[in-house]
Every structure is written in C-alpha cells, then in structure tokens.
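Visitor: Spelled out, the chains give:
Number of protein chains: 2
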Amino acid sequence: MKEGPDIAQIGALIGDPARANMLAALTGGRALTATELAGVGGITVQTASTHLAKLEAGGLLAQRKQGRHRYFTLADEAVARLIENMMGFAAGRGHLRHRPGPKEPALRKARICYDHLAGDYGVRMLDSLIASGAIEAVGEGLALTEKGESDLARIGIDVGNLRSSRRPLCRSCLDWSERRAHLAGSLGKALLSSFLDRGWARRTAESRSILFTPEGDRQFLRLFPVEV
Amino acid sequence: MKEGPDIAQIGALIGDPARANMLAALTGGRALTATELAGVGGITVQTASTHLAKLEAGGLLAQRKQGRHRYFTLADEAVARLIENMMGFAAGRGHLRHRPGPKEPALRKARICYDHLAGDYGVRMLDSLIASGAIEAVGEGLALTEKGESDLARIGIDVGNLRSSRRPLCRSCLDWSERRAHLAGSLGKALLSSFLDRGWARRTAESRSILFTPEGDRQFLRLFPVEV
DNA sequence: TTCATAGTTCGATCGTAACCGAAGCATCGC
DNA sequence: GCGATGCTTCGGTTACGATCGAACTATGAA
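Residue numbers (the UniProt record's numbering), protein chains in the order written: chain F, 1 to 228; chain V, 1 to 228.
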C-alpha cells in the first residue's frame with residue numbers, strides 16, 4: 001500500500017522515549033534550550049542535539065537563535081494538538097509511565113497545555129462556563145454565546161479582539177489527567193494569560209504545573225463555581 | 001520527566017512502516033486476516049504475526065478467530081480517529097510517501113474512512129448538508145438541525161434510532177486528501193451504509209476506495225448539490 | 001487418517017539508530 | 001586577545017528490533 005500520507009515517519013519521531021519526553025515538555029508552551037531538553041530527555045547534549053535536528057527536519061520543532069542559546073519550541077499549534085491527542089489516547093489505554101495514583105498532584109490540579117489551562121482547574125472552568133450559559137457545547141465543538149461575550153468583557157477580556165486572529169476562538173481539548181474536555185483556542189489562552197497577569201497564579205520553573213496563590217485560588221473558584 | 005501518559009510507546013508502534021501500513025489499511029474498516037495484512041505491509045507472514053501481536057498488546061488492534069482465520073480490526077473508533085488525525089497532520093507537513101499529484105484519483109474522489117465516506121465526495125456531502133441548513137457547524141463541532149432531521153427521514157434515515165447509540169451523531173473528521181472536514185460519527189456511517197445498500201456505490205476488494213456506479217453518481221450529486 | 005492452509009514460535013542474522021567521548025564552532029564576558 | 005559556555009559534528013560502540021527460514025500448532029477438507 002503506497003497510498004496516503006506517511007504516518008510512520010512522524011510515529012517514529014515521537015516513538016523514541018527521549019524525543020517524546022522533549023515534545024511533552026515543550027507542550028508546556030515555553031521555549032527551552034537544547035541543554036534543558038537534554039535534561040528532560042535524560043540524555044547528554046550531544047545526543048539531544050541530534051534528536052532535535054531530526055525533530056526539526058520532521059517539521060515538529062522550530063528553533064530560534066538568541067545569543068549563544070538555541071530556543072526550541074513546537075513548530076505550531078497543530079503539533080501541540082497532536083501531542084495532546086496522543087496523550088489523551090495513551091492515557092485512555094492505560095499506557096502510563098507510572099501507575100496512575102495521585103502521583104503529581106500539582107500537575108493534575110492545574111497545568112499549562114501549550115498556552116491554556118488544563119488539569120482539574122481547566123476542566124472545572126469549562127464546565128462552569130457551560131453551566132452559566134457562556135459557552136455552548138454543540139457536538140464536539142464549543143461556541144461562545146452573547147451572554148458569554150458580555151460576561152467575559154466584565155472580567156476584562158475583549159472577545160472582538162480575539163476574533164480577529166485566524167485561530168479558532170473556542171476549541172475543546174481532551175485532558176489526559178481528567179479524561180474530560182477543557183477549553184483551548186484563543187479564548188483559552190486569553191483566560192490563562194489574564195490569570196497570570198493578575199497574579200492569581202504563576203508558572204513554575206521547570207514543570208508544566210501552574211501554581212495558584214491562595215488569593216488567586218479564591219478568586220478563581222468564585223469566578224467559576226461548580227454545580228452542587 | 002516522568003509525568004503524564006506514555007506517548008512514546010504508541011508512537012513507536014505506529015512508527016514502523018510495516019505496522020503503519022497495516023493500520024492504515026485497517027482504517028478501511030474491514031477486518032483483514034494476518035496474511036492480507038502481511039501483503040499490505042510488504043513483509044512475510046511470520047514478521048506480520050509478530051507485528052500484529054505487538055499492536056494487539058498495545059491495545060491498537062483486536063482480533064477475532066473465525067475458523068482457521070484470524071481477523072484483525074482496529075480496537076475501536078478512537079484508534080481510527082488517532083490514525084486519521086495523524087494522517088491529516090502528516091499530509092499537512094508534506095510527509096507524503098509519494099509526491100502529491102493526482103496519484104490515486106479514485107482514492108481521492110471517494111474512499112472509506114473507518115465506516116464513513118471520505119475524500120472529495122465526503123467533503124462535498126458535508127458542505128452540501130451545511131449549505132442546506134441540515135447541519136450546523138459550531139466551532140469545531142457539528143450539530144444536526146430540525147430541518148436536517150426531517151430531510152434525512154425523507155431519504156430513509158431514522159435519526160432517532162441513531163441517537164440511542166452512545167456514539168456521537170455528528171463528528172467532523174479532517175480529510176487528509178482534501179484538507180477539509182467531512183462527516184463522521186454514527187450519521188456519517190448511516191449515510192454511507194445507505195449508499196451501499198441502495199447500490200449507488202460499492203467497496204472495492206483490496207483498497208479503501210469506493211466506486212460509485214454511474215446511476216449512483218447521478219443520485220449522489222443530485223442529493224448533495226454544491227453552491228455555484 | 002492424511003494433506004493443505006492459516007498462523008505462531010524459535011533461532012539466527014543483519015541494519016539501523018541511539019548513545020557518548022572527543023573535537024570543532026560560535027558567541028559571550030572580560 | 002583569552003577563557004568559558006552552549007551547541008553541533010565526528011567516530012566508534014552497542015543494543016535493540018525488524019526480518020526471514022524452519023519448525024511447530026491448529027483448523028478444515030477429503
């Protein structure tokens with residue numbers, strides 16, 4: 001069979017544990033240097049360098065030189081979606097590197113998924129937005145309602161502005177820890193940014209987890225209540 | 001990094017060309033025997049057997065014994081979605097096994113994607129359903145309208161019946177040849193089934209392509225007109 | 001029973017790719 | 001200029017896994 005696109009190539013790229021770890025780390029959205037990526041991959045820099053070259057040649061990564069550093073990021077959002085997709089799939093099959101348990105509680109509570117909020121808090125936020133009628137779930141997709149637009153304006157998010165980008169406003173992204181959807185898309189990004197800007201939460205140094213301050217926690221839970 | 005699901009495992013499973021070919025062939029929805037799969041993979045049966053065992057252990061494949069044959073299928077729809085996802089992604093990056101051109105015209109015109117119609121005709125059908133107001137595209141998702149439900153009843157598709165299944169009614173699936181969405185989900189399956197039942201089209205023996213009869217072609221194009 | 005077909009298991013070969021040490025560039029700070 | 005840091009390239013080793021021939025098991029047909 002010589003029909004269709006070549007899945008094996010990208011499968012093989014993702015199929016190496018070191019490379020998979022690097023890609024997963026980059027799903028954190030932050031650009032990382034070759035040395036840092038070597039760390040997360042558990043390999044030496046030389047080896048990491050060849051891996052990174054392969055990933056770049058395969059179109060999964062982009063790099064930006066800055067001084068004597070080389071910052072690597074995922075090539076675009078499609079790559080991030082693919083990785084998260086595969087994570088969701090793998091989690092569903094029980095392909096976990098460690099037994100499930102409450103292993104990385106912080107990561108399960110709130111983490112960054114490329115550029116938006118994931119984990120328990122991410123799922124909660126979307127649930128709450130749907131319950132309040134701000135977002136409508138239609139089939140697999142999500143749509144912002146009129147009410148949602150004005151609700152968001154009240155907390156300082158200008159939806160009209162976001163619409164101008166080519167990127168979809170609302171997108172649903174399957175959460176691998178919660179096995180339910182959370183909010184991605186430019187709106188998901190804007191919401192997370194606003195939390196960070198307000199000082200409600202901050203990103204941690206080397207991990208994908210997001211730490212809420214006590215005050216931020218209160219505000220977040222107030223803003224996105226759950227049904228009882 | 002020891003966090004999160006193990007993406008590398010399934011990446012590696014898909015990353016071997018022989019296995020990728022087998023999986024792609026099984027995306028055709030039809031159960032295939034080990035010998036047939038050896039053929040599409042371009043390997044001997046012994047080798048195929050070990051590959052199939054690995055894929056099954058990895059949860060990607062299911063097998064059913066029937067007499068002295070062993071029929072392999074994708075484990076479930078999630079696997080099919082993952083494969084099609086990756087195909088769409090790979091096509092977008094130009095990871096084609098052959099140069100794009102009009103290589104497999106029949107396959108690009110109409111083919112089966114697990115259990116629904118894909119290719120030019122698949123995309124056209126969804127476009128037409130949206131244009132006529134039978135289906136609404138909301139964000140990334142698709143929703144059947146009241147009008148759609150009665151339109152479909154008129155051509156003999158009982159939507160109420162489909163709803164009873166746990167599977168989503170409408171799902172959008174990215175078409176790797178057209179780079180646009182076509183209709184998946186139980187409705188997509190029902191529509192394709194009805195075309196086949198009516199004798200408008202038939203599946204081909206060893207390929208994923210779907211051949212429309214001249215009469216079926218006429219009927220299909222009449223039923224799903226395109227905007228001019 | 002015997003033969004034929006479908007598939008798996010075993011054993012051995014072979015290629016490829018991951019890996020690291022060492023050397024080579026490039027950029028920064030001094 | 002110098003040395004230090006970040007990264008890549010080169011060379012050689014090693015290990016894993018894809019592959020196939022041959023032997024083995026299972027189902028069916030005669």
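A portion of the hints provided could be inaccurate.
[To be verified] Chain F side only, calculated, beta carbon under 10 Å to chain V, not exhaustive:
1) Leu13
2) Met86
3) Asp127
4) Gly133
5) Ala137
For the record, the hints were derived by calculation from the structure and aren't laboratory data.
Bear in mind that the values here come from a model prediction, so they are computed numbers and not experimental data.
Beta carbons are placed, not taken as given, at the ideal position from N, Cα and C, and that holds for glycine.
Visitor: Okay, which hints does this one fail, numbers in order?
Guide: Numbers 3, 4, in rising order.
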